[in-house]
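Chemist: Each chain, letter by letter, is given below.
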Amino acid sequence: MGKYTTVEVKVPDINRSFVQGNYKYSNESVIKANVLLLKSVVKNYSAFINTWGTEFEIDNSIIASFIVTESGGRNAPPNRFDATGLMQVTPNTVWEIIAKWQVMTKSPLSEKAKSFFNKAIPSSKKYNPNKLPSAAERSEIRKALQNNPQFNIAIGTAILRWLLEAFKDGDVASLNKVMVSYNAGYYSMRNKVKGKLSTSQLLNNKSIPLESRAYLLKMLGVNGLLDLWFKNDIKF
Amino acid sequence: MTKSQKFLLILGTVGLLIGGFAIAKFLTRNVRNIRGGTVKLQTYDVPPIEEPLTE
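If you read the protein sequences in the order shown, they are chains A and B.
Sequential numbering of the first sequence, starting at 1, is according to this note's numbering.
Sequential numbering of the second sequence, starting at 1, is according to this note's numbering.
Rather than coming from a laboratory, the hints here were simulated on the basis of the structure.
Hints are not guaranteed to be accurate.
If the Cβ cut is set under 7 Å, some of the chain B residues that face chain A in the computed set are [claimed, not checked]:
id, residue
1, A24
2, V31
3, I34
4, G36
5, G37
6, T38
7, V39
8, K40
9, L41
10, Q42
11, E50
12, L53
All residues carry an ideal CB built from backbone N, CA and C; glycine is no exception.
When you get a sec, could you build the whole thing from the sequences and use the hints?
Modeler: Here it is as C-alpha cells:
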C-alpha cells in the first residue's frame, strides 16, 4: 500500500488513433519514430525518471510518455506560455507545487523532495503560498527548469501526482483527466472535468482545448505512447 | 472421519485453491502491475477511428 492514490489505466483506453493532416500515429514511420523517442528518453533520463517516479509513485511508462508528448525528449527553451524543458513546466506551477503541496495533496512533501527542490531553487525556502513569485523568482525557476533536467523531471512528476490526487475518484486515480489538465492547466480544467469521465467523453468535450484533447489520443489512443510502451515491452 | 473422507477433503481443498488461482490468473491475464497502480492492456476487434479532432 503506497502513500498516494492507486492509478488505474487502460491501454489503449479508446479505439481511436491520433491524426493531424497527413501525420498519423498509425503510420509505420511514425510508430518507429515514437518508439525511438521513448527509448531515447529511457536511455538519457532513466535514473531521474526512476528516482522521482519512485518518490511520487508514478510508473516510468507514464513519465516517459509525458516527456515525449511535451517536448519530444528535447530540453526545450521557454515557449510563449513560459513552459520550459523536458516536461514543459511553467515557473508559476513550480512555485505552486513547492509552496502549496501539502494543502493540495493533503500529504506532506517528503524531506528528500523538499531538500532537492530547495537545492535546485535556493529562494524556494522563502516562498509565500499567498503571494505569486516575483519576476526574479520566476527567472530563477526558469533557469533551473532549463538547465537542470533532473529538476524538470522531478517537478513534472510531482505535478502529475498532484493532479492525480486532485482528480481522483474515490480510491482510484485515472490518467485521462490528468492529461488534459497537465496541458491546459489545473485551474482552467477543474470545473470542466468533474466526476468520473471516460476518455471518449473528454475527447468530445469541446470546452477542453483541442491540444489538450489531442493529448488523450497521443498517450491513451491506439498506437499512442503508452500503447507503444507496453507493445514493445520497453523496460529500464 | 475415515481415512478416505480425510483424503477427499484434502483433495477438494487443494482443488479449490488451484481452481481459484487459475480463475484469478485468467481474469487478470491482461492486467499488469505498474508502479503506483495497474494497467489493463486492451485490444479491439475493429480498426481504430482515424479522424482529426475538431474545435
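Chemist: Next, verify each hint and record whether it holds.
Modeler: Do the hints match the structure? See the list:
Taking 7 Å as the C-beta cut-off, the interface hint given for B/A24 is violated, the closest approach to chain A being about 17 Å. For B/V31, the interface hint is violated, the least distance from its beta-carbon to any beta-carbon of chain A being 9 Å, above 7 Å. A distance limit of 7 Å between C-beta atoms decides the matter here; for B/I34 the minimum to chain A is near 4 Å, and the interface restraint holds. A distance limit of 7 Å between C-beta atoms decides the matter here; for B/G36 the minimum to chain A is near 4 Å, and the interface restraint holds.
Evaluation of the B/G37 hint against chain A yields a held restraint, the C-beta minimum of about 3 Å falling below 7 Å. The interface hint given for B/T38 is met, as the beta carbon of that residue sits about 6 Å from the closest beta carbon of chain A, less than 7 Å. Given hint, B/V39 at the interface with chain A, holds; its Cβ is 5 Å from that chain's nearest Cβ, closer than 7 Å. The interface hint given for B/K40 is met, as the beta carbon of that residue sits about 5 Å from the closest beta carbon of chain A, less than 7 Å.
The beta carbon of B/L41 is positioned within 7 Å of a beta carbon in chain A (closest approach about 6 Å), and the interface hint is therefore held. Of the supplied interface hints, the one on B/Q42 holds, with its beta-carbon coming within about 5 Å of a beta-carbon of chain A, less than 7 Å. Here the hint on B/E50 is kept, as its CB sits about 5 Å from the closest CB of chain A, short of 7 Å. Against a cut-off of 7 Å between C-beta atoms, the interface hint on B/L53 holds, since the closest Cβ of chain A lies about 6 Å away.
Hints 1 and 2, counting from the list given before, are not met by this structure.
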